[in-house]
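Take a look at the letters that make up each chain.
Number of protein chains: 2
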Amino acid sequence: MKIQKIEHIGIAVKDLKKSIRFYEEVLGVQCYKMEEVEDQQVTTAFFKIGDTKIELLESTSPEGPIAKFIEKRGEGIHHIAYAVDDLPGALREAESKGLRLIDREPREGAENFRIAFLHPKSTNGVLTELCEKPG
Amino acid sequence: MKIQKIEHIGIAVKDLKKSIRFYEEVLGVQCYKMEEVEDQQVTTAFFKIGDTKIELLESTSPEGPIAKFIEKRGEGIHHIAYAVDDLPGALREAESKGLRLIDREPREGAENFRIAFLHPKSTNGVLTELCEKPG
Numbered sequence: 002m003k004i005q006k007i008e009h010i011g012i013a014v015k016d017l018k019k020s021i022r023f024y025e026e027v028l029g030v031q032c033y034k035m036e037e038v039e040d041q042q043v044t045t046a047f048f049k050i051g052d053t054k055i056e057l058l059e060s061t062s063p064e065g066p067i068a069k070f071i072e073k074r075g076e077g078i079h080h081i082a083y084a085v086d087d088l089p090g091a092l093r094e095a096e097s098k099g100l101r102l103i104d105r106e107p108r109e110g111a112e113n114f115r116i117a118f119l120h121p122k123s124t125n126g127v128l129t130e131l132c133e134k135p136g
Numbered sequence: 002m003k004i005q006k007i008e009h010i011g012i013a014v015k016d017l018k019k020s021i022r023f024y025e026e027v028l029g030v031q032c033y034k035m036e037e038v039e040d041q042q043v044t045t046a047f048f049k050i051g052d053t054k055i056e057l058l059e060s061t062s063p064e065g066p067i068a069k070f071i072e073k074r075g076e077g078i079h080h081i082a083y084a085v086d087d088l089p090g091a092l093r094e095a096e097s098k099g100l101r102l103i104d105r106e107p108r109e110g111a112e113n114f115r116i117a118f119l120h121p122k123s124t125n126g127v128l129t130e131l132c133e134k135p136g
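So the sequence lines, in the order shown, correspond to chains A and B.
Quick note: the first sequence uses this note's numbering, first residue 2, plus one each step.
Quick note: the second sequence uses this note's numbering, first residue 2, plus one each step.
Among the hints, a few may not be true.
Just so you know, same-sequence chains aren't split out, so a pair can sit in one copy or run between any two.
Claimed, not checked - Within a straight-line C-alpha distance of at most 27 Å, the following computed DSSO-like cross-link-like pairs (lysine-lysine) qualify:
| # | residue 1 | residue 2 |
| --- | --- | --- |
| 1 | LYS6 | LYS49 |
| 2 | LYS122 | LYS19 |
| 3 | LYS34 | LYS69 |
| 4 | LYS19 | LYS98 |
| 5 | LYS69 | LYS98 |
| 6 | LYS73 | LYS15 |
| 7 | LYS134 | LYS49 |
| 8 | LYS98 | LYS34 |
| 9 | LYS49 | LYS15 |
Since the hints were derived computationally from the structure, they do not count as laboratory data.
Throw the hints in and build the complete structure from the sequences for me.
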C-alpha cells in the first residue's frame with residue numbers, strides 16, 4: 002500500500018475539556034475542531050501539528066471502546082492512523098499479506114474520512130487505522 | 002513552548018528485524034537507519050513518513066526500560082516526541098506549569114538529538130519526549 006503520511010495519533014482521555022486545556026496551555030497547540038462520532042461513541046478534539054494531527058478521544062458511553070480501553074489500560078495513546086490513497090485496495094492488500102482486519106469494509110470516521118482498523122495482534126501491538134480523505 | 006512538529010512516534014517491539022520487515026513489506030515504508038542508543042539500552046530503526054518518523058525500539062538488555070515496558074504492557078506505542086526550538090527553555094516552562102519531569106536536563110538521544118522526557122502522569126498517560134535537533 003502507499004502511505005501518504007501519519008494522518009493523526011488518537012489519544013484516549015477521561016476529560017476532554019481538561020485535556021484540551023493541557024494541549025493549549027502547556028504544549029501551545031490550538032484545538033481547531035470538536036466533533037462527535039456516534040459510530041465510535043466518542044467526542045473528538047483535533048490539533049494540527051506539522052503535517053499530522055493529535056485526536057483526543059473521550060467516550061460518550063461507559064460501554065464504548067474508549068471507555069473500555071481506559072478501564073483496562075488507563076489514559077494514553079490509543080491508535081495511529083495512516084492516510085492512504087485507496088482504502089479498499091489497502092484493506093485487500095493487508096488481508097492478502099496475512100493481517101487480521103477489524104473492519105473488512107471502510108466506515109465513517111471523524112472529519113468525513115473513510116476509516117478501517119487493523120487488529121493490533123497483526124501490527125506489533127499498535128492499533129492501526131487506515132484512512133482515506135473525503136472527495 | 003513552541004512545538005515545531007511531531008518528530009517521531011516510538012514503538013516498543015520484541016524483534017526489530019521482524020518488525021522492520023512488517024513496516025517495509027506490508028506498510029511499504031523503508032527503514033533508513035538503525036542505531037544503538039546505549040543510554041537507553043535500545044537498538045532503534047527509523048522510518049520517515051511525511052514530516053514525521055516511526056522509531057522502532059528493541060531492548061538490548063532484559064533490565065532496560067523497553068524490556069520492562071513490554072513485560073508490563075506488551076508491544077505497542079511507547080512515546081510521542083515533539084520537536085522544540087529550545088529544549089532547556091521548554092523544560093523550564095513545563096516545570097513552571099506544574100508538569101513532572103523525568104529528565105530535568107537534556108540528554109543524548111538517537112540521531113544526535115538532545116532529548117528529555119515528561120512523566121506520563123502529567124500528560125494524559127502519554128510518555129512525552131521533547132527533543133531538539135542538533136546544530
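These are the hints, each one checked on the structure:
{"no.": "1", "hint": "LYS6 x LYS49", "in the structure": "both (13 Å within a copy, 9 Å between copies)"}
{"no.": "2", "hint": "LYS122 x LYS19", "in the structure": "between (32 Å within a copy, 14 Å between copies)"}
{"no.": "3", "hint": "LYS34 x LYS69", "in the structure": "within (24 Å within a copy, 37 Å between copies)"}
{"no.": "4", "hint": "LYS19 x LYS98", "in the structure": "between (41 Å within a copy, 14 Å between copies)"}
{"no.": "5", "hint": "LYS69 x LYS98", "in the structure": "neither (30 Å within a copy, 30 Å between copies)"}
{"no.": "6", "hint": "LYS73 x LYS15", "in the structure": "both (13 Å within a copy, 22 Å between copies)"}
{"no.": "7", "hint": "LYS134 x LYS49", "in the structure": "both (16 Å within a copy, 21 Å between copies)"}
{"no.": "8", "hint": "LYS98 x LYS34", "in the structure": "between (36 Å within a copy, 25 Å between copies)"}
{"no.": "9", "hint": "LYS49 x LYS15", "in the structure": "within (21 Å within a copy, 32 Å between copies)"}
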